Structure formats: C-alpha cells, structure tokens
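Residue-level listing of the chains:
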Amino acid sequence: MNAAGASLLSALGLCLVSALAGATAPRRVRPLLAGLGTACAGAAAAAAGVAALAGQSWSAWLPGVLPLAGARLALDPLGGMFVAVTGAVAVCAAVYGIGYAKHGVDGRVTQATLPLFLGAMLLVPVAASVSTLLVAWELMAVTSLLLVLAEHARRPAVAEAGLWYAVMTHLGFAAIVAGMAGFAAGAAGESFEQLRAATLSPAVRDAVFVATLAGFASKAGIVPLHVWLARAHPEAPSPVSALMSAAMVNMGVYGIVRVGLDLLRGGPSWWWLVVLAMGALSALFGILQAAVASDLKRLLGYSTTENMGLVLIGVGAAGFFASCGDKELAGLALVAALLHVVNHAGFKTLLFLAAGSVLRATGTRDLDALGGLRGRMPYTTALFAVGALAASALPPGNGFVSEWLLLQSLIHALPTSGVAGAVTMPPAVGVIALSAGLAIATFVKAFGVGFLARARTPAAGRAAESPPTMICGMALAAACCVALALAPAAVLPALSHLVAVLLPGHEAVGGVVTLRLADVQGTMSPLLIAAALAVAAALLLGSVRLVARRARRPARLWDCGAGPMTPRMEYTATSFAEPLQRVFDNVLAPESDLAVTPTKESAYLVESIHYRARIPDRIERRLYDPVLAAAASIGRGATRLANGSIHRYLAYGFYALTGVLLVLAVVW
Amino acid sequence: MTGLVGAVAQVVVVAVGSPLLVGLMRKIRARLEGRVGAGVLQTWRDLRKLCRKEAISPHGTGWVFRMAPLVLAGTALVVASVVPLVTTQSPMDGVADLFAVAALLALGSVALALGGLDTGTAFGGMGASREVTLLALVEPTILLSVFALSVRVGSTNLGEIVTAAVHDPMAVISPVSLLAAVALGVVTIAETGRIPVDNPSTHLELTMIHEAMVLEYAGPDLALIEWASGMRLFVLLGLLAGLFAPWGIATAGAGPVAVVLALVVLVFKVAVLGAGLAAGEVFMAKLRLFRIPELLAGSFMLALLAVAASYFLA
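Chains as they are written, first to last, in the numbering used here: chain A, 10 to 677; chain B, 791 to 1104.
Among the hints, erroneous ones may be present.
[As the list claims (entries may be wrong)] The calculated SDA-like cross-link candidates involving lysine to any residue, where the alpha carbons are at most 25 Å apart (straight line), are:
(1) A:Lys336 <-> A:Gly427
(2) B:Lys839 <-> A:Arg558
(3) A:Lys336 <-> B:Val943
(4) A:Lys336 <-> B:Gly944
(5) B:Lys843 <-> A:Val553
(6) B:Lys1076 <-> B:Leu1030
(7) A:Lys111 <-> A:Arg369
(8) A:Lys336 <-> A:Pro424
(9) B:Lys839 <-> A:Ala564
(10) B:Lys839 <-> A:Arg565
(11) A:Lys111 <-> A:Pro477
(12) B:Lys839 <-> B:Leu1005
(13) B:Lys843 <-> A:Ala564
(14) B:Lys839 <-> A:Ser552
(15) B:Lys839 <-> B:Ala828
(16) B:Lys839 <-> A:Leu550
(17) A:Lys336 <-> A:Thr523
(18) B:Lys1076 <-> A:Asp594
(19) B:Lys839 <-> A:Trp567
(20) A:Lys336 <-> B:Phe1102
(21) B:Lys839 <-> A:Leu548
[Stated by the list, open to error] Sample of chain B residues lacking proximity to chain A, with all beta carbon distances greater than 12 Å (derived):
(22) Arg816
(23) Leu822
(24) Pro959
(25) Leu968
(26) Ala971
(27) Thr1041
Please keep in mind that the hints were generated in silico from the structure rather than gathered at the bench. The model shown is predicted, which means the values in this text are computed figures rather than measured ones. Cβ atoms here follow ideal geometry from the backbone N, Cα and C, with glycine treated the same way.
Produce the entire structure from the sequences given, and follow the hints as far as they go.
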C-alpha cells in the first residue's frame, strides 16, 4: 500500500475513533477529543488527496464490507482533489468546533456524528462502484441531516429546515439511484471500470445523465433545487454549516464531473448547455437573493448557490467545448471550475466560521441588529474581511483568480464553438459579470453593516472575542485563502494535470508568478498585483506623512448640528440593499404589509403602525408551494376515507382482497 | 528600457495631470455657464491646502475608515501603471489585463464604500449603498465590452489590444469598436461619477453618491480621495482614447522621441475628451437615481451587440 492509500485509511480510521470518542467520552473532554480526532482525520485525508493529485493511485476491493458486491474504493487525481478539499475544510471546522461546542452542541449525538459525516464525505469521491457510491452518498445525507437537526430543541425553524433537507436530499438520492442503476444495467457490471467500458444507446446515456444531473445538482444547491440549502445551512451549527457549504456541496460537482466527463466520456453539446444554463441561473438567482438577505448565514447559503452556479458554468463550458472538439479550451474551463471549487471551499469555510463566532458572541444572525464588532471582535472582523474580499472576486482575493480563468475560457470560445457558442458565451460572460458585481454589493453589505460602524443593538455592543481555538480554526482557513490568492500556481499544475488526464490534452495553465494560459493568449499575476498594491499604498502613506503638517485629531461625526447621532440613524442591511431590491423588483417580487391602527376616538389619529417587509424565495413560492399545497389537499381528502369506523376498515380489507383475487383469476 | 521609462512617465503624467484635468473641466463648465471660474491650477491649490489641514478620525470609526483613501489612491496608481497610455511596453502589462484593471477600479470603489459605511452616518451608508448598486450594474457592460474588444486580438491584455489597433488602424473603424466605445463611454461616466449619473459638485442628500461617502473625510485624507478620483477620471479617459484612437502610443521598438511624442498626444487626447465631457455636462441634468439602471441596461445592450457583431463580422 502506498502513502495515499495509507493516509486515506488512517483518515477513515481516525473518523471512527473520533466518533467513538464523541459517543463515550465525558462531556468535559468530549469536544476536545472528538475535535482533535476529526482534525487529524482531516489532515490525513488532505495528505491522501495531495498524494493522489501528485500521481499516486490506490484502489481496494473489500468484499466483506457491503453485501453482494463488496465495497470498491479507488483514489485517482479527480477524487483526490475532492478528498483534499474536504480534509482541509474539516481541519479548520474541527479545530474551530472545539471552542464552539460549548455553545450548546457538545451533545453525544452531534459530537459522534460529525466525524462520521466527514468519513462519509471522504468515501464519496473514493467510491469506485455504484453500490459503494450510493451507500456513501446516503451515509453523507443521513449524518448531515442529524447534524442539521442538532439545535432542534431551541428553534422551531430547525425542524422545518431539517424536513426540507430530508425530502430534497432523498428525492435527489432517488434520481441518482435511478440513473446509476440504469447505467449499471447497461454495462457489464457495477464497478466504475466496467461502466467506463460500457457501450450504451444514446437514449439510455441521455436518461442516465439527466437523472444523475438532477440528483447531483440538488446536492450542489443548484436552482431550482436549491430551496433546502438556504434553510438547512443557516440552521445547522456553524462548523457543520462550514462543512456542508464548503465541502458537501462540492460532491454534487464531483458527481456531475465523474459521471458526465469520466464515466460517460462526455456527451452531446445539449447536455452541457443545460448544465451551463442551470449554472448561470443559479449564479444570478443565488447572488440576487444573497444581496437582499439580511440574515448573515442565509446570505452565505445563497452565496454558496451562486458559487456552485459559477462552477457549473465552468463545467458546462468544459463539456460543451469538448463536444465541439476544442480540447484545449475545455481543459481551461474545467481547471477554472475546479480551482473555483477549491477557492470557494476556502473562503466559505472562513465566512461561515466567522458568522458562527458572531452568532456565539451576539446571539443573532440578523445583520440589521449587528454592527460595531470591529472594536470588540478585532480578529474575527479582520478574518471575515479576508473571506469577504475573496468572495467578492476582487484582487487580491483568491476568488478573483478562478473567475479570471473562467472568463478567459469563455471569451476565447467564439472562433471555434460555432453559432451555439456565439449565442451562449456572451450572456454567460454577462451573467458572471453581474454576479460578480452583485457579490461585491453583497459582501460590502455583510462586512460593512455587520462589522463596521456602531452596534445597532445592546447585544451587539456586548460582544466579546471568540476563544483561541475558534480564532485558530478561522485563521487556518484564512491562511489557505491568502496562499491560494497569492500563489495559485501551487495548486494549478496539479489541477491542470488532473484535467489533462480527464480530457486528454496538455496542461492548460502554467507559470509560477505570472499565470500563463497554454493555448490562448492571456497573462495575469495575482502576486504582482498584490505587491504593486502594497507598494503603491506604502508609497502614498509615506508621502502623506511627509506632506501632512498636522497630526490626526479625533472629532465628532457630522450630525448636521442636531445633537449626537444614535445607532438608530445608521443604514441597516435592509436599507443598504433597498436600491438593488428596487432595481430587481420584477425578479424578486418583494412583499410588504402596512397595517395602520387608528385610535378609538378618531380615525385620523394613528395609534400604531405595523410595517412588515419580506422577500420570499420566488422559485419556492411558484414551484414548490403549489406542489406542497396539492399534496396537503390530497392528504386531507384521504382522511375522509379513514373516518375511524372499524367496519369500514374491515370492508376495505375484504374488498381489496377479493379485488386482488379477481384480478389474479382474470389475468392468470 | 523605453517601456519602463514610458510606464514611469505615464504614472507621473496621471499623478500630476489629473488635478489639472479636473481644473480644466471646471473652467470649461464655468465659462460655458457664463462664469469666470477659478484657474486651471485651482485644484492643485486646493490639494495643497487640504494637506496642510489636520486629518480627522470621527468618533466610532476605525482602521477601515483610515485605510480607504490609501486603497483608493493605490488602485488608481497601479491602474495608471498598467494601462497603455504612453507605451504598450509597460513592464506591468503582463501583470494585469483588462479584467484585472476593471476589478482593481472596483476594489477602489469598494474601499471607499466601506469607509463611508464605517462612519455609521446615514449619509455614509446611503452613498455606499448607491455606489455599490451602480458598481454591480456597471460590471456586466465593462466585461462584455472587454469581450468584444478581445475577440479581434484573441487576448485581453491591454498592450496587445492597443498594439493590434496601432498596426491596423482601419480595424478600429468597425461596428464592434463603435458599439463598444459607446458602451464603455457610458460606463466611464458612471464609474467616474459625472453627470448624468452623479454630480461631482452637489451636496444635496437626494442626489449625491460619491460626495455622500466622503463627507467625513478631511485634510490629507480628503486630498488623497480627490486626487484619486481625478486619477481615475484621467486613466479612464486615457484608456478610452487608447482603445479607440490609439494613434501616437509608443509600441515595441519605439525610441525616446516616440515616448515624448506619446506623452504630448496623451495629454492632448485626454484634454479634448475632458473638455467634451465638461461641455456635454452643461447641457444635461442629472438623472433620477432609479432611472440610471435604464441607462446602464442600454449600455449593456450595446456591449452585447458589440460581442455579437464581433462574431458575425469576423
């Protein structure tokens, strides 16, 4: 067994040990033991993933583990990348979780399930047969559901979110089962080797791709299957939110790439145009909802939908270019998509963990009630700023690098990809640009309103900085973000190599300090941009110091001479997003009620005014609510059949039996 | 070597010339409105005066408020060194392409918006909110225009786009260039906060965007912001001129004379564009805030048409 296999198995073993520790250790040391174990497991998994990316492959067949076919595991570069990302996210979340657990999530079930959840997520990308994949997938769904429900006793919204998540994830699972079972039925067996060798009719291939796409897209939170994400991710405890939003959603992307590009070896261009369209829709819808959200964790959840949409734009473009025969551009698009997966994992871990610190310190996730955390939580504020910079895709953040690569791959498509490309690529570029612009607005709001200025409520004014373990977890994630931002060349060769294996071709991106695209012209250097910015700012600071004659002086804010300003006068998140809400009024369809209660004496004297505004998820309102209402009315109708009379039930039994016998008599 | 000299020269010209450009535009407006107006050098005098005053840290503000002017001016300087205003051979050319330039300008705006939010005043929040709204809506037009311009050359690197245009001047006169030029022109007006998107000389609550964000700044901080705004205007006008009328820019192999000539041509082009912008502003009123998205949607359509044209005419 080589290093990759050994570290993967030790990671899985450590997950089990930590789960045992979480289930049996006394409450005082439970978070520490389980957290350290999970962090070690994550580190081992990251090492295994890196080894796999470096070219070590490993596979195993464990006949006794699962009935019938046994479990098949294999670690290849594609799986290795997702294992590495999951492991790295788990290290940050687990270290953070040691300090966070005192916040009411140190129960046996939660502490024991978290390592199991990590183990399941590690198994998904290394599963090498249909049954292993399905078992790992379901294990991941069930363990994450348990974790989402961790705080169900405290907030009723948790139960509702859990229900949505359970239903959506199992509908997705059913779609994946249908697709993969159909695939395996047409092949000689169910191992991935046999699936790759299978020759299926085009109709079956289409059906397999569409079914698995639906299932995997629902896990990635892609519109219109995203409704669970914006509910479940905010309601889960924050380390779990980070794991789900930064690692679990990636598994949806993994599934689409694995099935579409690896097992099915690409397909007709309409498959990939569908993927691209779903990605574009998710990117726009997700970031638009995030831009007007005032719940910090809900905002981050919608931002996950946006980023997964951007990734799918890249994946769809890659498949589309490959189907047009342009392997070089396909490689570039896929590298961009995978790099965005890595980058998103980095900054979303950081942002969710920082949001958890805010929640722990203030007891609220509502941006309208926050503010002024800069002074009281300096480390959390600075770390959130790093994440927000990355998430808004501005240089020198890491999100910028992957979005730049994605844009480069799209704008070079025109000459080769024909009319379909000429019609698709400009709107795709427009969508990426608009989502980047709205992401800027979203994260300026999240950071500026949530952390700067003055506290809007007494709770925010009493906030205290998080314990060292939590800061350490966040700092680890921030260090990853900074490293990815300044030296993307550390991961790009590995990603280029993995893509070159998947879509036969040569490596798409090269260069160490300056990124150079191999097949199209384009250079950009994140490191030098950051250095130039630093030099320019230092020069300016020096010359201002030189020129300025007088020292800086504290002073009152300009209050128009009307006395000191109160926090009530500050802009809130809602008011900050109001212009955007008005501009996108037709898409968002905000709702508001105004109830004016007059006094008893006169209709002209107002006693109280109640104003309530909310922005519902319109897709949920239009698509899901009618289905749910129909299901509920069918359920109510069915109660008329069951009125409690025992005679009636006996009659049902009798008629059902005779009916079956009659049918059998006639048919047989 | 001329590349390095040219790059330094263009940063110096932008740094020194931008207050003069603002002064020139104010002078032209004043004359067209029937006023005498202050001299062209007045902006420099204002900056000097501001530098002598003390900077202010209003109660309740922190490091974000203090860093914002530095970041804003820093991004403007970096962009000035990248954009081919004088030479296409800037050593910074490979570092940042047109996408990166757009993102760097956005970074400057974001820094200022955060500075405005950090004050915690209603004005600061209002200005920041409006600024990022416009920023979000401007972004698609910029990136699509970049797309349209890059199709002919096959690259988004500014040096290559401008070099190609210098070597094949007739290619500039095409529907693609025309549409992209109009789209980028609208974007330039929006990004630099000129009429009809924003009025740089207003202090009315209902209309101001940029001024609302910088209300709490004073002394050297305010000087930096004013100077940076001028530099952004200068660079964007220079970029517009370079992309659509690239004549005179020193390309590969040009000697020192060409660099000097390019400097003169640059100053002339930017002065003409600035004068035209100022003259146009006299005849226009500021748009209502919620009419601006329509203007930007129009420019987005033009950019989309430019991309479509670049494909079908290629």
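_Hint numbers contradicted by this structure_ = Violated: none.
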